Amino acid sequence: NAGVTQTPKFQVLKTGQSMTLQCAQDMNHNSMYWYRQDPGMGLRLIYYSASEGTTDKGEVPNGYNVSRLNKREFSLRLESAAPSQTSVYFCASSEVGQGPFGGYTFGSGTRLTVV
Amino acid sequence: AQTVTQSQPEMSVQEAETVTLSCTYDTSESDYYLFWYKQPPSRQMILVIRQEAYKQQNATENRFSVNFQKAAKSFSLKISDSQLGDAAMYFCAMDEGNTPLVFGKGTRLSVIA
Numbered sequence: 004n005a006g007v008t009q010t011p012k013f014q015v016l017k018t019g020q021s022m023t024l025q026c027a028q029d030m031n032h033n034s035m036y037w038y039r040q041d042p043g044m045g046l047r048l049i050y051y052s053a054s055e056g057t058t059d060k061g062e063v064p065n066g067y068n069v070s071r072l073n074k075r076e077f078s079l080r081l082e083s084a085a086p087s088q089t090s091v092y093f094c095a096s097s098e099v100g101q102g103p104f105g106g107y108t109f110g111s112g113t114r115l116t117v118v
Numbered sequence: 092a093q094t095v096t097q098s099q100p101e102m103s104v105q106e107a108e109t110v111t112l113s114c115t116y117d118t119s120e121s122d123y124y125l126f127w128y129k130q131p132p133s134r135q136m137i138l139v140i141r142q143e144a145y146k147q148q149n150a151t152e153n154r155f156s157v158n159f160q161k162a163a164k165s166f167s168l169k170i171s172d173s174q175l176g177d178a179a180m181y182f183c184a185m186d187e188g189n190t191p192l193v194f195g196k197g198t199r200l201s202v203i204a
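Protein chains in written order, with the working numbering: chain A, 4 to 118; chain B, 92 to 204.
Hint data in this document are derived by calculation from the structure and do not stem from the laboratory.
Keep in mind it's a predicted model, so treat the numbers as computed, not measured.
Honestly, I wouldn't trust all of these hints.
Claimed, not checked - What follows is a list of derived Cβ distance ranges for each label pair:
#1 A:Q25 with B:S201: 26 to 36 Å
#2 A:M22 with B:R154: 40 to 50 Å
#3 A:P64 with B:L138: 20 to 30 Å
#4 A:M22 with B:N149: 42 to 52 Å
#5 A:Q25 with B:N149: 34 to 44 Å
#6 B:Q148 with A:M30: 20 to 30 Å
#7 B:S133 with A:M44: 17 to 27 Å
#8 A:V91 with B:T94: 20 to 30 Å
#9 A:G56 with B:Q174: 41 to 51 Å
#10 B:S171 with A:K74: 33 to 43 Å
#11 A:V91 with B:I203: 25 to 35 Å
Backbone N, C-alpha and C fix where the C-beta goes; we use that ideal spot for every residue, glycine too.
Starting from the given sequences, assemble the full structure and let the hints guide the process.
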């Protein structure tokens, strides 16, 4: 099925551990995004990539790094996980640069718990 | 900076009744796009409806319609004939075209049988 695939769906980390969240889209979209969702806070942008080879910080980038590996894949890395990074993470992609003409397509999310 | 505000953290509606979810926004752009997303317990983000700011006509999608008031920077979602499956978190979002999507904090809608 066409869409955005995120792995893993669930993860528990200990404080200080590192991990990478993987995201891949098969819609040939130019732009990809990482958001985090916390109760009462909506979705907040962590990082985005307007096109292959570029990445930019969003609203809450601290503690994260990203890699746009190719046009399909955009990974999010936590180098040293902290309890404040407990959240649900969403990857999304869109077409036509950063435009919304086709809307955003979201992955199914990763629930991360840092203990 | 663009902001999106949803002032109703929770709403409830009787099955078959109509409910309106509120959203206000702020932008300095004249052309932008507004969206309502639904997030059921499955966590999936589902696009419900979208509105282009340059269009005066309010968007409709079956039982879902919007009241877009550009001057007031208001974008409310009306759900008619509410169904149990409408119970979810609803997010209002805005895209100015050159920056990523910005979301409101969400409104949790309960549907009472």
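Status of the given 41 to 51 Å range, CB of Q174 of chain B versus CB of G56 of chain A | holds, 45 Å
Do the beta carbons of M22 of chain A and N149 of chain B sit within 42 to 52 Å of each other?
-> 44 Å Cβ-Cβ, so the 42 to 52 Å window holds.
Take a look at whether the Cβ-Cβ distance between Q25 of chain A and N149 of chain B falls inside 34 to 44 Å.
-> For N149 of chain B against Q25 of chain A, whose Cβ atoms are near 40 Å apart, the range 34 to 44 Å holds.
Cβ distance range 20 to 30 Å for Q148 of chain B and M30 of chain A, holds or violated | Roughly 28 Å apart at Cβ, these two residues keep to the hinted range, so it holds.
Status of the given 26 to 36 Å range, CB of S201 of chain B versus CB of Q25 of chain A = holds, 35 Å
Could you see if the CB distance from P64 of chain A to L138 of chain B stays within 20 to 30 Å?
-> holds, 26 Å
Does the Cβ pair V91 of chain A, I203 of chain B satisfy 25 to 35 Å?
-> holds, 27 Å
Would you say the C-beta atoms of S133 of chain B and M44 of chain A sit inside 17 to 27 Å of each other?
-> Given about 20 Å between the Cβ atoms, the range holds.
Pairwise beta carbon distance, V91 of chain A to T94 of chain B, judged against the given window 20 to 30 Å = With Cβ atoms ~22 Å apart, the hint holds.
Consistency of beta-carbon spacing, R154 of chain B to M22 of chain A, with hint 40 to 50 Å = holds, 41 Å
Starting from the hint 33 to 43 Å, judge whether the C-beta atoms of S171 of chain B and K74 of chain A obey it.
-> Distance hint for S171 of chain B, K74 of chain A holds at roughly 41 Å.
Against the hints set out earlier in the document, no violation occurs for any number.
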